[in-house]
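Trainee: If you want the building blocks of each chain, they are given just below.
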Amino acid sequence: MTAVQARPGRVEVHGVHKSFGTHEVLHGVDLVVEPGSVTVVLGPSGSGKSTLLRSINHLETVDRGFVALDGELVGYRRKGDKLHELKEKELLRQRTRFGFVFQSFNLFPHLTALENVVEAPVSAQGRPRREVEAEARELLSRVGLADKADAHPRQLSGGQQQRVAIARALAMKPAVLLFDEPTSALDPELVGEVLAVIADLARTGTTMIVVTHEIGFARQAADQIVFMDDGRVVEQGTPAQVLDDPQHERTRAFLAKVL
Amino acid sequence: MTLLENRADAPPAGTPYDRLTVVKAKNPGRWVATAVVAVLLAMVANSLITNPRWEWGVVWAYLGEVSIVEGVWMTIKLTLITAVLGFALGTVLALMRLSRSPLLRAVSWGYTWVFRSVPLILQLLLWYNLAYLYQSLDIGIPFGPSFASVETLSLIDKFGAAILGLGLHQAAYSAEIVRAGILSVDQGQHEAAASLGIPRRRQSTKIVLPQAMRTIVPTAVNEIIGLFKGTSIVYVLALGELFYTVSVIYGRTQRVLPMLVVAAIWYVVLTTVVTVIQYYVERYYAKGAVRTLPPTPLQRLRGNLTAGLSRVRSTSDRDPVTR
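Here the protein sequences line up with chains A and B, keeping their order. For reference, each letter of the first sequence is one residue, going 1 to 259 in the working numbering. For reference, each letter of the second sequence is one residue, going 1 to 323 in the working numbering.
Think of the hints as simulated: they come from the structure by calculation, not from any bench. Computed from a predicted structure; not experimentally measured. The beta-carbon is built from N, C-alpha and C at its ideal position, and this holds for glycine as well. A portion of the hints provided could be inaccurate.
Unchecked claim - What follows is a set of in silico ranges between Cβ atoms, one per label pair, in the way DEER data are often shown: (1) B:VAL114 x A:GLY126: 41 to 47 Å; (2) A:LYS79 x B:ARG100: 20 to 26 Å; (3) B:PRO119 x A:GLU72: 56 to 62 Å; (4) B:SER149 x A:HIS23: 44 to 50 Å; (5) B:VAL107 x A:GLY126: 33 to 39 Å; (6) B:TYR280 x A:ARG203: 46 to 52 Å; (7) B:LEU20 x A:ARG154: 37 to 43 Å; (8) B:THR275 x A:ARG129: 34 to 40 Å.
Claimed, not checked - Dumping the calculated BS3-like pairs for lysine-lysine here, alpha-carbon to alpha-carbon at most 30 Å: (9) A:LYS173 x A:LYS87; (10) B:LYS229 x B:LYS77; (11) B:LYS206 x A:LYS173; (12) B:LYS229 x B:LYS158; (13) B:LYS287 x B:LYS206; (14) B:LYS158 x B:LYS77; (15) B:LYS206 x A:LYS89; (16) A:LYS173 x A:LYS89; (17) A:LYS87 x B:LYS206; (18) A:LYS89 x A:LYS79; (19) A:LYS173 x B:LYS287.
As the list claims (entries may be wrong) - Sample of chain A residues lacking proximity to chain B, with all beta carbon distances greater than 10 Å (derived): (20) GLY65; (21) ARG95; (22) ALA146; (23) PRO153.
Please construct the entire structure, taking both the sequences and the accompanying hints into account.
Mentor: Below, the structure written as structure tokens:
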């Protein structure tokens, strides 16, 4: 449990607009995530959840608005009234403060589980390999994969791959963990093992933003639930507020379908 | 329907199933085809051995002859240097083609267009005659003073022209091979590397290129084998590689066919070596792409031997009566 220290990780999203071609997928999203809290983003497919998450660590550039982590702009530097795009190098440094877990895992298939976890702390943070390796083994055992350190991703089940991906994200000691539908590509019986690892992390006080369709998980682990539809935040609040007493018609219709 | 028929054929109840024996399906067509091919092979072997005009004695005598071996060495040198030059330049061209700068993209496209369009033999002769266009080559500030100057003829001799011609031509093809390899790597790999903050150069060398190599290697080896044989075209420059050497010898001795066989044998040997290397290189880059690596030829041989031995042992152990 020493590998991840709870550190500030306050995320602010202000008026974010984003278009793909002529199609605007985010129409001005505002969101505040307090340090150490767990935010679950719910909403139908195509509501912009994933795009919002990818905008937060600047995998997508936004057209208007901005994202800040602990008061520091992500992807830009402000000079007067102008936002200057950061150089690739500085952007990569900022990204190390976010851990990102993909729907399709995106493990590096030619590297072993251990090498997947070790790569970034060594090459992006310049930490000594031996120290990182010891820590990586600890992380792998924490996600229940101590014996799979030398396996290649294709030799692992989907659930195991996703747990390696979580360990890989944790190895950077990020301030914020972003999960993009982490269980959507898994067989139903493998969903539980991954959600258990995420719920376990939630209790350690890491700031987390989770895009998911797992309502049960949201109810159990979330401090805040955000419901999005058509590129806007429709409703947000505690699980009790949003899930049990939704105020908005769209939220009610969505929950009626998935619950 | 078939189910009912099968049921009708089923042995009466109470038959011990382990007594049922399996009779292999007969395949007469396969036997006929095998016999025909065997006869054809025998005919080929017979004519190779009995026809004295093949002059195997001459072939054997020239196979290790000094000038031939020097020719082979020149062929190897030409191939290796142009393959390295071609793929180095090709990688640069591929990265330019994938760059965000329109000028870099256009130049890369234009290069491939020109060098793929002009026949290699023409390119070789053009480079060889470069001295006619430019008597000297200068190093200096563009449009400004020159610091050093060399005679073109002394820099681009036969060998230089051959390297330039083959290498620049090869680069155009290699560029497309490398580009295809890079495009074959899943977009998620770039994103994962970026989201982890892995430095740009490391993303290419450690994450993308090793995966691209799976696509690049088979086609690249194809190109190198093509290059091995393609070097024979530089005989137009009278450069002493394998084919030119052979043609000089048969011009003198009139033993045309045996000398062509000598050259053919050497080309086959060189190609075989490259093919063996390819197997191991592909195996190396298959790491992680397949669940278990295919065995090396040595491992397979050993596996077959032990399997065969154990089969022999188990059959001899078995009681002949129960069989």
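Trainee: Does the claim that GLY65 (chain A) lies off the interface hold, with its Cβ farther than 10 Å from every Cβ of chain B?
Mentor: 21 Å, holds
Trainee: Given the hint that LYS206 (chain B) pairs with LYS89 (chain A), test it: the Cα-Cα distance must not exceed 30 Å.
Mentor: Answer holds: LYS206 (chain B) to LYS89 (chain A) is near 17 Å, not above 30 Å.
Trainee: Does the claim that ALA146 (chain A) lies off the interface hold, with its Cβ farther than 10 Å from every Cβ of chain B?
Mentor: 20 Å, holds
Trainee: Confirm or reject the claim that LEU20 (chain B) and ARG154 (chain A) have a C-beta distance inside 37 to 43 Å.
Mentor: 40 Å, holds
Trainee: What's the verdict on LYS89 (chain A) and LYS79 (chain A), does the C-alpha distance respect the 30 Å limit or exceed it?
Mentor: 19 Å, holds
Trainee: Does the claim that PRO153 (chain A) lies outside the interface with chain B hold up, using a Cβ gap greater than 10 Å?
Mentor: 7 Å, violated
Trainee: Tell me if the beta carbons of VAL114 (chain B) and GLY126 (chain A) are separated by a distance inside 41 to 47 Å.
Mentor: 44 Å, holds
Trainee: How does the Cβ-Cβ distance of PRO119 (chain B) and GLU72 (chain A) compare with 56 to 62 Å: does it lie in that range?
Mentor: 59 Å, holds
Trainee: Does LYS77 (chain B) sit within 30 Å of LYS229 (chain B), going by the straight-line distance between their CA atoms?
Mentor: 13 Å, holds
Trainee: Can you let me know if the beta-carbon spacing of VAL107 (chain B) and GLY126 (chain A) is within 33 to 39 Å?
Mentor: 36 Å, holds
Trainee: Starting from LYS173 (chain A), check that the Cα of LYS89 (chain A) is at most 30 Å away, please.
Mentor: 19 Å, holds
Trainee: Check whether the Cα positions of LYS229 (chain B) and LYS158 (chain B) lie no farther apart than 30 Å.
Mentor: 18 Å, holds
This entry does not satisfy hints 4, 21 and 23, going by the numbered hints stated previously.
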